[in-house]
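Protein chains in written order, with my numbering: chain B, 1 to 384; chain C, 1 to 129.
Everything labelled a hint here was simulated from the structure, so no lab data went into it.
It should be emphasised that the depicted structure is a prediction, and the values quoted were computed from it without experimental measurement.
Hints are not guaranteed to be accurate.
When the alpha-carbon atoms are kept at most 27 angstroms apart in a straight line, the in silico DSSO-like pairs for lysine-lysine are as follows [stated by the list, open to error]:
no., chain 1, residue 1, chain 2, residue 2
1, B, Lys341, B, Lys121
2, B, Lys341, B, Lys234
3, B, Lys61, B, Lys77
4, B, Lys141, B, Lys233
5, B, Lys121, C, Lys74
6, B, Lys125, C, Lys5
7, C, Lys100, B, Lys125
8, C, Lys26, B, Lys121
9, B, Lys141, C, Lys100
10, B, Lys89, B, Lys141
11, B, Lys341, B, Lys141
12, B, Lys233, B, Lys61
13, B, Lys341, C, Lys26
14, B, Lys121, C, Lys70
15, B, Lys341, C, Lys100
16, B, Lys141, B, Lys88
17, B, Lys282, B, Lys3
18, B, Lys89, B, Lys77
19, B, Lys121, C, Lys106
20, C, Lys26, C, Lys70
21, B, Lys233, C, Lys106
22, B, Lys282, B, Lys4
23, B, Lys125, C, Lys26
24, B, Lys282, B, Lys270
25, C, Lys26, C, Lys74
26, C, Lys74, C, Lys100
27, B, Lys270, C, Lys100
28, B, Lys341, C, Lys74
29, B, Lys125, B, Lys341
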Amino acid sequence: MSKKILIIIVIIISLSTNVYADEITISEITEIITEDFDFENQNEYIDSEILYQITGYTTLKDMLSGIINGDFRLNIKDLFNNILDIVKKNFNSNIHMIISVSIISIIYSILTNTESAYLEKEIEKITFCAVYISMITILIKFTFESIRSSATIINNLITFINQFTPVFFLLITTTGGVLTSSVIYPIMLFYTSFINAVICNLVIPISSYGYILSLCSKVINTIDFSYLTNFIKKFTYFILGASFTVFGIIVSFEGITFASIDSLRFGTVKYTVSSVIPVIGKFIADSADVINGFLNIIKNSLGLLGTIAVITIMIIPSLKIFTMYLSIRICSIVIQPFADKRISEALDNTAQYIFFICICVIFTTIMLIVIIGLLLIFANNIFK
Amino acid sequence: MDILKISLVAIIACIINIYFQSSDNKEYSLYIALTGGLLILTFSFNYIRSIFGIISTLADRANLQSEQIKSTFKIISTAYIAQFASDICRDANQTSLASKVDIAAKFIILYLSLPIIISFFNLLSSFEL
Chain B
1 MSKKILIIIV IIISLSTNVY ADEITISEIT EIITEDFDFE NQNEYIDSEI
51 LYQITGYTTL KDMLSGIING DFRLNIKDLF NNILDIVKKN FNSNIHMIIS
101 VSIISIIYSI LTNTESAYLE KEIEKITFCA VYISMITILI KFTFESIRSS
151 ATIINNLITF INQFTPVFFL LITTTGGVLT SSVIYPIMLF YTSFINAVIC
201 NLVIPISSYG YILSLCSKVI NTIDFSYLTN FIKKFTYFIL GASFTVFGII
251 VSFEGITFAS IDSLRFGTVK YTVSSVIPVI GKFIADSADV INGFLNIIKN
301 SLGLLGTIAV ITIMIIPSLK IFTMYLSIRI CSIVIQPFAD KRISEALDNT
351 AQYIFFICIC VIFTTIMLIV IIGLLLIFAN NIFK
Chain C
1 MDILKISLVA IIACIINIYF QSSDNKEYSL YIALTGGLLI LTFSFNYIRS
51 IFGIISTLAD RANLQSEQIK STFKIISTAY IAQFASDICR DANQTSLASK
101 VDIAAKFIIL YLSLPIIISF FNLLSSFEL
């Protein structure tokens with residue numbers, strides 16, 4: 001009986017059947033993969049001119065196709081020159097800002113310097129108060145105008161990452177990382193929104209409050225809030241540092257654990273398929289390897305695309321903020337010998353505040369690049 | 001060289017002052033001090049004007065609001081003029097008058113700085129990131 005069944009099965013298997021499949025090109029695959037990724041929206045947060053200068057492509061879609069086809073070459077020399085060009089252009093457009101800051105600081109240092117030499121102490125005090133308030137009004141207006149973009153950059157970065165990661169996790173799930181994507185994706189989604197909320201609604205407003213307070217505390221010598229302002233400064237640094245550290249730890253541990261489990265499961269399934277299913281089992285396992293390999297190329301290309309897009313979004317606004325920081329720092333250094341101590345301190349505080357905002361932007365960028373890197377590592381761990 | 005003229009006027013005024021203080025007509029010494037002070041101020045007036053002009057040009061280049069710079073100038077000029085008047089009063093041994101000039105100057109400076117303070121508070125209240 002069993003022999004008959006075996007013969008029937010052998011006959012059924014040995015009967016040749018035709019399998020039909022459409023030929024599909026790489027660009028079509030790219031189309032399918034990027035359907036969910038809202039590339040049409042890219043103009044909202046990416047300057048295509050800067051993208052072109054950095055990568056040689058005007059849209060993210062073209063760039064992705066280029067990377068997958070193997071046309072994309074990141075020429076380090078050209079890239080360096082292009083970034084230098086961007087810095088130069090940016091510096092030229094910000095030269096007006098630098099001149100304004102130096103003029104403000106020089107005007108007010110001259111005015112306060114002359115009055116302290118001649119006036120009576122009481123009249124000098126009240127005059128200084130008025131002049132100082134006038135100066136900090138201009139300085140605060142100027143600073144907020146130039147750093148207002150920082151919250152927008154952080155929002156743009158998070159929007160981009162939230163549009164970018166679903167495609168990425170889809171690919172991870174396709175390549176067998178079901179557990180990784182189901183655990184890491186919610187954590188990541190929560191965390192990026194959390195960081196956005198923490199920086200835009202907590203860290204930047206609190207540090208701005210501390211900055212204004214540090215300027216106001218210098219109006220009269222006898223009223224000093226320096227302990228409070230120092231506390232606010234340290235507190236904001238602590239929040240920023242703590243949130244990034246906690247994020248790194250959680251994502252690394254969870255990611256590595258679940259990626260290993262996924263990898264184990266993927267290996268087991270492959271082994272079972274190749275050994276239990278006779279004849280075609282090995283073909284299925286091998287073709288799974290090929291498909292996974294191809295999907296891995298796309299995944300790595302998406303990783304590269306994400307990193308470059310993140311850098312493109314943040315480079316110009318953060319350079320602007322950094323130029324502002326440098327100009328105010330240089331002004332405070334230059335006027336320190338001859339101006340009133342409080343005026344140079346006000347400029348120094350402004351420089352520190354702008355530097356902190358710059359740090360917030362750079363930290364967010366680094367965090368997003370680390371996220372993309374970690375995702376790539378997890379994805380590659382599954383498919384070993 | 002205006003500084004030479006200023007020094008000359010100051011030295012001459014000092015010598016005449018000393019002469020009158022030792023003579024019977026002591027009241028003339030005050031007039032001499034006042035005239036000397038005014039002359040010196042007149043010499044420096046051109047410089048003050050050109051300094052203000054340069055600062056205004058710089059402020060225009062920096063896109064600063066001219067009102068803010070103007071009120072700052074007004075405050076500083078008020079302080080200087082009040083200081084000059086109260087110094088003369090002190091020279092004439094009228095310390096109570098001098099202190100009254102000081103007080104009036106403080107009030108005027110406060111009044112002039114009110115728009116600056118109001119604009120500062122307006123800025124803070126309109127602040128959003």
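- Item | Which numbered hints fail | 6, 8, 9, 12, 13, 15, 20, 21, 23, 25, 27
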